[in-house]
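**Student:** Just need the whole structure built from these sequences, with the hints factored in.
Chain order of the listed sequences is A, B and C. First residue of the first sequence? That's 1 in our numbering, and the numbers climb one at a time after it. First residue of the second sequence? That's 294 in our numbering, and the numbers climb one at a time after it. First residue of the third sequence? That's 560 in our numbering, and the numbers climb one at a time after it.
It is worth saying that the hints were derived from the structure and are not from the lab. Be a bit skeptical, because a hint or two may be false.
DEER-style ranges, computed between Cβ atoms [unchecked claim]:
| no. | chain 1 | residue 1 | chain 2 | residue 2 | range |
| --- | --- | --- | --- | --- | --- |
| 1 | A | Leu36 | C | Leu845 | 33 to 39 Å |
| 2 | A | Pro206 | C | Glu576 | 22 to 28 Å |
| 3 | B | Leu358 | C | Leu845 | 52 to 58 Å |
| 4 | B | Lys368 | C | Thr660 | 41 to 47 Å |
| 5 | B | Gly299 | C | Glu576 | 55 to 61 Å |
| 6 | C | Glu692 | B | Pro392 | 47 to 53 Å |
| 7 | B | His533 | A | Ser195 | 58 to 64 Å |
| 8 | C | Tyr716 | A | Phe270 | 45 to 51 Å |
| 9 | A | Leu39 | B | Ser414 | 55 to 61 Å |
| 10 | A | Pro206 | B | Gly309 | 35 to 41 Å |
| 11 | C | Asp631 | B | Ile303 | 55 to 61 Å |
| 12 | C | Asn661 | B | Leu358 | 44 to 50 Å |
| 13 | C | Tyr716 | A | Pro256 | 58 to 64 Å |
Pairs of lysine to any residue residues, derived as SDA-like cross-links and limited to a Cα-Cα distance of at most 25 Å, are as follows [claimed, not checked]:
| no. | chain 1 | residue 1 | chain 2 | residue 2 |
| --- | --- | --- | --- | --- |
| 14 | C | Lys830 | B | Arg307 |
| 15 | B | Lys298 | B | Ala324 |
| 16 | B | Lys460 | A | Arg190 |
| 17 | B | Lys298 | B | Thr314 |
Ideal Cβ placement from N, Cα and C applies to all residues, glycine included.
Take a look at the letters that make up each chain.
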Amino acid sequence: MSLPVAAPPSRWQNWQRSLYRFRQSGLSIAGLCIVLVLLVIAIGGSWIVPFPDHISGGINTAARFKPPSSLYWFGTNELGQDVFTLVMAGARVSLIAGFGVVMIAAILGGLIGALAGYAGGWIDDVLMRLTDLMLTLPSLILAMAIAAALGAGLDNMVFAISMSWWPGFARLVRGEVIAKKEDLFVQAARALGASDSRILFRHVLPNVMSPVIIKMSLDMGFAILAVAALGFIGIGVKPPTPEWGSLLSLARGYLPDYWWTAIFPGLAIFFAVLGFNLLGDGLRDLFDPKARR
Amino acid sequence: MLEVKGLSKIYPARRGSPAVTALDDVSFTIAANSAFGVVGESGSGKTTLTRCLIGLEQPSHGEMLFEGRDIARLKPSEMREMRARIQIVFQDPYASLNPRMSAQDIIGEPLLIHHDRLQLSARARTDRVVELLERVGLGVRHLHRYPHEFSGGQRQRIGIARALAVKPDMLILDEPTSALDVSVQAQILNLLVELQDSLKLSYLFISHDLGVVRYICDRALLLLHGRVIEEGPVDQVFDHPQSDYARRLIAAIPDVDPTQSLHLAR
Amino acid sequence: MALLSIENLHLSIPSFEGEAQILNGVDLSVERGQICGLVGETGCGKSLTGLSVSKLVASPPARYRQGAIRFDGQDILGLSEGAMRALRGRRIGMIFQDPTTNLNPLFRIGEQMVDVALHSMGANRWSRSALSEARARAIAMLERVGIQDAHNRLDDYPHQFSGGMRQRVLIAMALIGRPDLLIADEPTTALDVSVQAQILQLLFDIVREDNIAVLLITHNLGVVARLCTHVAVMYAGRIIERGTMADVFNQPSHPYTRALLNAVPTQKTRKGTLQGLGGSVPDPYLPHPGCRFAPRCAIAEARCRDAVPSETDLGHAHAVACIKAGDPA
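**Tutor:** Here is the structure:
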């Protein structure tokens, strides 16, 4: 006997419904907009800025410390470079670095956490004590030490920060895996004779992705902040590559007279962190199974 | 078909908690193509019994002979084969299906897991999944839907289809209808009766609902604290119980019968 | 005047798909001394009816478009949140399904009960006499629901009680303010049958002794048969049949009631002959002209799809919303 049922929603409708719930919160939309604008700037920034040559170190000594105007929207710095151009170009570095940090940390931490949570026993003990050890070290200092040892540069900085970042993901994933591996559908798979790798990768991990994605989004903001912090103390990206933290650091000496050299990179960092946080909060509401009807 | 002899499961004492005897000398036999009911309240050992039978738990004593071979003493490779012969349908159709897999993936999973013996091509697997969907009253249009798009009764049909995928001889039905509305329960029960007939299946039906057990099963046993209290044909167990506990339990079941109203009791 | 009367209640909840029409004209009344069973399939609106009575449905977003709930003459939907808080716990008690999640695991049973008792007395913790009075009430109430040695058990935490005992504690908490109306939403669904039988007996005794009214929300028809004096069968947000339990169970007059009763296996049911009910509950987003049960109904005719059937009175407060009710069978 087949059951006449109301047509169930298609995937497209499900997606639309998710979007509807997401839209219920104006702040999530604001976050999404900020992140989208950042992405556009990061991808196309070098073509749309007014002074592309300033990105690669071009200077204009004739126009040092000009205040914001219709020509120089954010003013110019001590080298006569357009601050607007530099801030826009910095978005790419910050986003790449932030994304790199979060990706590496999520994959590394996720694998360690999944293994620890699924295997349990001594494997869990060893891996989690290692994680705890990493957590006891102040993350920024650890990143500074690694970056200093490896030398300046974008790739080294990303590596250094991710090394201090993965334990958070490891703990998150371990907890989720431990909870999920007791779920009935996991037991059902086991009763069917499924192998451990099948259970872990097919049944457990796909069901712990939501909190990981939320954490990745929330962490993006903080990773950008960490990148800026390393840039600020001068062990991040090598100049002349524009990066928000190092722009801020250079501008520090010219406060308060030439405030625009510092305020605009600072605002960029602020909005990036804010945007990713709002987006992360919105995603959390979206993925919350309790909100699902 | 299945003969359980003197089965016991003792969980050893741990810090702060004494040893627990979950099953105590349980014996019963399930004939081929028959339905056997296990009735008990929480803590009676029903769950431990199923976990032993599907190899998630090792019994402390006793034997579980499936066609003469003891399930507890199988080599891992034989155990995998046994898992295809005895399948289980779980109580909660909301929790027993992976929410991130489509009906096709869920029902097809046993075919993939046992691919080494079945050797079905991808095309043949899809055909088999469609056949199974139709078998349980769903259809090809449900192939790509996800669990949250199904009602409780439809999910349980998917759970049954998954259990039938590898052509088992025996199904363990762990309270398969207790999470469902009565109208849906009736449909599932009739589906189970029909499947048993046409596929010549044996059932081990675990439930706390005596009405349901009586409807589905030929024989039944009653468990209390891991011990068998009553065992026999359902009519005998339910109409002429020997023990006080069985009588009390049967009296406690609320029937859809206005004459047993408390308001008429005095 | 009935203690609780719900009149033509309409409730809708907006969502992505549109307005979900949850309740579509619920008419129901419960008197003191009555235990009214509200039965129906998942999604028929029975729980939201119960929650509406104690005004626990967040509104907005939910909207009561029409109708009224009168409790002892007061219009519940018109009451302020403050006035409603005074009613809850004092005059309207509630019990929910799952006894494990409705007690705070971090606080002792006694503390949680004393809080409720104080609330019902309109007192606070700073008054010593009120506190000792509340404690005495808590002990008395625990003893009443059959918890032995209640005096000492006040200092226990919820995890030290079994499931049945926790449900007794919740019943005690619901009753401590001496309510006139008790709303019990699937109070025994999570319990074993023998514990369920005890809880049903307990509820029965309490109603008999205190002459309170109970609205019992359940999907278990056996529980209704055992405990309830009256029954209301709900389908797609409407009561489609109501009357005394004996009348409805002995002479079910709505095809849906008959289908529900036939779906429960009894002693006499032969294997393979159980009557299921095909189809599923109607989509609350779509407008349904006519009887909402018609698509699943075995005896539906063309006229069933034309107009929403009004209630036919069959006498003895037995009413049914089916246009074929008067027809010869």
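**Student:** All hints, please: hold or fail.
**Tutor:** Hints, verified against the model:
Distance hint check: the CB atoms of A/Leu36 and C/Leu845 are about 36 Å apart, consistent with the given range 33 to 39 Å. One distance hint, 22 to 28 Å for the beta-carbon pair A/Pro206 and C/Glu576, holds here, with the actual separation near 27 Å. Checked against the given bound of 52 to 58 Å, the beta carbons of B/Leu358 and C/Leu845, roughly 55 Å apart, stay inside it. The supplied range of 41 to 47 Å is met by B/Lys368 and C/Thr660, whose beta-carbon atoms lie about 44 Å from each other.
Between B/Gly299 and C/Glu576 the CB atoms are about 58 Å apart, so this pair conforms to the stated range of 55 to 61 Å. At about 50 Å, the CB distance of C/Glu692 to B/Pro392 agrees with the hint of 47 to 53 Å. For B/His533 paired with A/Ser195, a C-beta distance near 49 Å fails the hint of 58 to 64 Å. Distance hint check for C/Tyr716 and A/Phe270: the Cβ-Cβ separation is about 47 Å, which falls inside the suggested range of 45 to 51 Å.
Against the hinted window of 55 to 61 Å, the Cβ-Cβ separation of A/Leu39 and B/Ser414 comes to about 43 Å, which falls outside the hint. One distance hint, 35 to 41 Å for the beta-carbon pair A/Pro206 and B/Gly309, holds here, with the actual separation near 37 Å. Roughly 58 Å separates the CB atoms of C/Asp631 and B/Ile303, a value that falls within the hinted 55 to 61 Å. The given range of 44 to 50 Å is respected by C/Asn661 and B/Leu358, whose C-beta atoms sit roughly 46 Å from each other.
For C/Tyr716 and A/Pro256, the Cβ-Cβ distance of about 59 Å falls inside the hinted range of 58 to 64 Å, so the restraint holds. Proposed proximity of C/Lys830 and B/Arg307 is contradicted: the alpha carbons are some 46 Å apart, above 25 Å. Taken as a hint, the B/Lys298 and B/Ala324 pair is honoured in the structure, with Cα atoms around 14 Å apart against an allowance of 25 Å. Taking the CA atoms of B/Lys460 and A/Arg190, the gap is near 18 Å; set against the 25 Å cutoff, the hint holds.
The hinted pair formed by B/Lys298 and B/Thr314 meets the criterion: a straight-line CA distance of about 16 Å does not exceed 25 Å.
Hints 7, 9 and 14 from the earlier list are contradicted by this structure; the remaining hints agree with it.
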